[in-house]
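Using the sequences provided together with the hints, build the complete structure.
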Amino acid sequence: DQQVKQNSPSLSVQEGRISILNCDYTNSMFDYFLWYKKYPAEGPTFLISISSIKDKNEDGRFTVFLNKSAKHLSLHIVPSQPGDSAVYFCAASAGHKLVFGAGTILRVKS
Amino acid sequence: NAGVTQTPKFQVLKTGQSMTLQCAQDMNHEYMSWYRQDPGMGLRLIHYSVGAGITDQGEVPNGYNVSRSTTEDFPLRLLSAAPSQTSVYFCASSYSGEGYSGNTIYFGEGSWLTVV
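Which chain is which? The protein sequence lines are A and B, in order. To convert, note that position 2 of the first sequence is 2 in the numbering used here; the numbers rise steadily by one, no gaps. To convert, note that position 77 of the second sequence is 77 in the numbering used here; the numbers rise steadily by one, no gaps.
There is no bait here: all hints are sound.
A short, non-exhaustive set of chain B residues, derived as facing chain A with CB atoms under 7 Å:
(1) Gly40
(2) Met41
(3) Gly42
(4) Leu43
(5) Phe90
(6) Phe107
(7) Glu109
(8) Gly110
In silico EDC-like cross-links for lysine to aspartate or glutamate, where the CA-CA straight-line distance does not exceed 20 Å:
(9) B:Lys9 to A:Glu42
(10) A:Lys109 to A:Glu15
(11) A:Lys5 to B:Glu59
(12) A:Lys97 to B:Asp56
(13) A:Lys5 to B:Asp38
(14) B:Lys9 to B:Glu109
Far from chain B by the CB rule (all over 12 Å, computed), these chain A residues:
(15) Arg17
(16) Ser28
(17) Pro82
Please keep in mind that the hints were generated in silico from the structure rather than gathered at the bench. For glycine and all other residues, C-beta sits at the position ideal for the given N, C-alpha and C.
Structure, rendered in structure tokens:
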């Protein structure tokens with residue numbers, strides 16, 4: 001039973017437009033939610049996180065929104081750039097153990 | 001600063017063989033873990049350690065063994081390789097002190113393992 005779900009396997013966006021990646025979770029005990037970015041043949045790299053007590057966190061072009069009542073979070077990338085093309089993993093933290101979603105492949109077309 | 005270093009990067013094993021994936025970190029992190037990544041399933045936790053001499057099982061521990069004799073190293077052993085263990089393996093480490101906010105988990109570059 002997947003506790004963290006990313007229902008969109010892929011997303012294609014035009015350069016300069018907004019990319020919205022979605023994630024749903026089932027466990028109310030998660031204390032942090034994170035987004036990781038992964039390029040081929042590399043390890044995941046941390047992108048942005050949000051505490052379970054907040055509803056928004058912003059870092060430059062990246063904003064994460066958390067809706068606890070819906071158990072849903074989303075990552076907004078504005079404006080999208082070709083270099084943003086990668087696999088994006090949503091993860092939820094229970095202490096230091098991360099539970100990952102299956103990932104969404106983002107393609108930003110120039 | 002090397003961060004998290006994994007070796008080997010690529011390995012092909014025959015069914016039944018054993019091997020060890022090495023992981024070392026130079027950040028003095030207390031917490032280390034191993035994940036495997038399979039298509040359509042994200043990364044799943046195999047084993048983790050909260051400090052030298054302490055290890056515990058994650059979500060998919062069967063067929064794997066770990067030990068943590070030093071803070072720096074956290075090797076993952078495949079005791080008798082099976083084709084189902086064909087995967088990409090990632091080692092991770094993190095700081096476990098106050099102020100942890102989920103953003104201090106660092107991953108190695110991965111080890112691609114094929115079992116034939």
